[in-house]
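Chemist: Throughout, my numbering is defined as the position within the sequence shown, counted from one, plus 438.
Some hints could be false.
What the hints assert, rightly or not - Cut-off 20 Å, straight-line C-alpha distance, at most; resulting in silico cross-link-like pairs (SDA-like, lysine to any residue):
1) K552 <-> D587
2) K522 <-> A538
3) K522 <-> N564
4) K552 <-> R583
5) K552 <-> L514
6) K522 <-> M551
7) K588 <-> H510
8) K588 <-> T554
9) K522 <-> Q571
10) K542 <-> A558
11) K542 <-> E496
12) K522 <-> G586
13) K542 <-> R583
14) K522 <-> E496
15) K588 <-> N560
16) K522 <-> V563
17) K542 <-> Y498
18) K588 <-> P511
19) K542 <-> N560
20) K613 <-> E601
21) K552 <-> N564
22) K542 <-> D587
23) K522 <-> S585
24) K522 <-> T554
25) K542 <-> C523
26) K522 <-> S509
27) K588 <-> A558
28) K542 <-> H524
29) K588 <-> D555
30) K542 <-> A553
31) K552 <-> K522
32) K522 <-> P532
33) K522 <-> Y498
34) K552 <-> P532
35) K588 <-> L514
36) K542 <-> H579
By construction, these hints were calculated from the structure, which means they are not laboratory data.
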Amino acid sequence: MEGRVGRRSSRRAGGFLDRRWWAADWYESLRRRQRSRWNEAMGEDEAVTLAQDDEPDELYEDDVCICILDSHPLALGHSLIIPKCHFSSMEVTPPHVIAAMCSKVPFLSNAIMKATDCDAFNLVVNNGEAAGQVIFHTHFHIIPRRSGDKLWPTESFRRSSIEPNETSSLISCIKEQLDSSED
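Turn these sequences into a full structure, and let the hints guide you.
Modeler: Written out as structure tokens, the structure reads:
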């Protein structure tokens with residue numbers, strides 16, 4: 439089955455960037471609403487099925503994945519690429535599913551950027567609770583960006599330096615893990 443483009447939604451994100459989205463009470467509310475929506479979407483067989491709305495937020499669908507607008511976007515056009523079968527994290531998602539999802543990123547992000555008049559996007563995967571994952575079903579976020587939009591509370595992450603001896607030790611440790619996972 440070839441992919442298909444979904445119907446356009448009338449949902450608007452008006453005024454969202456004026457909100458202080460990182461406020462704790464709003465974030466907890468977001469988590470509850472998003473979990474509720476995803477729980478509704480999970481069928482008994484753990485396959486993702488979308489609620490049959492009059493105007494679904496579906497942008498694209500193929501045999502492996504679906505792309506929908508995020509119900510609580512960080513920016514206009516914020517979308518999610520979701521596998522149709524349930525996988526709680528990247529570690530348990532089969533490589534062919536991840537590859538299928540990734541292969542749709544250029545196609546979907548280009549359309550989203552053109553539709554929202556943006557010049558860039560963030561591709562985000564929150565994998566694990568410590569990384570901010572609140573919906574335990576693998577998914578990618580496509581978040582359209584404009585120069586100077588100041589979407590994140592700080593546009594630069596704190597970086598630390600690493601000593602050359604720490605670098606070689608870390609490389610050795612990671613390579614050891616890679617070698618052991620190939621067996």
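Chemist: Compare the structure with the hints numbered earlier in the document and write down the numbers of the violated ones, lowest to highest.
Modeler: 6, 12, 21, 22, 23, 24, 31, 34
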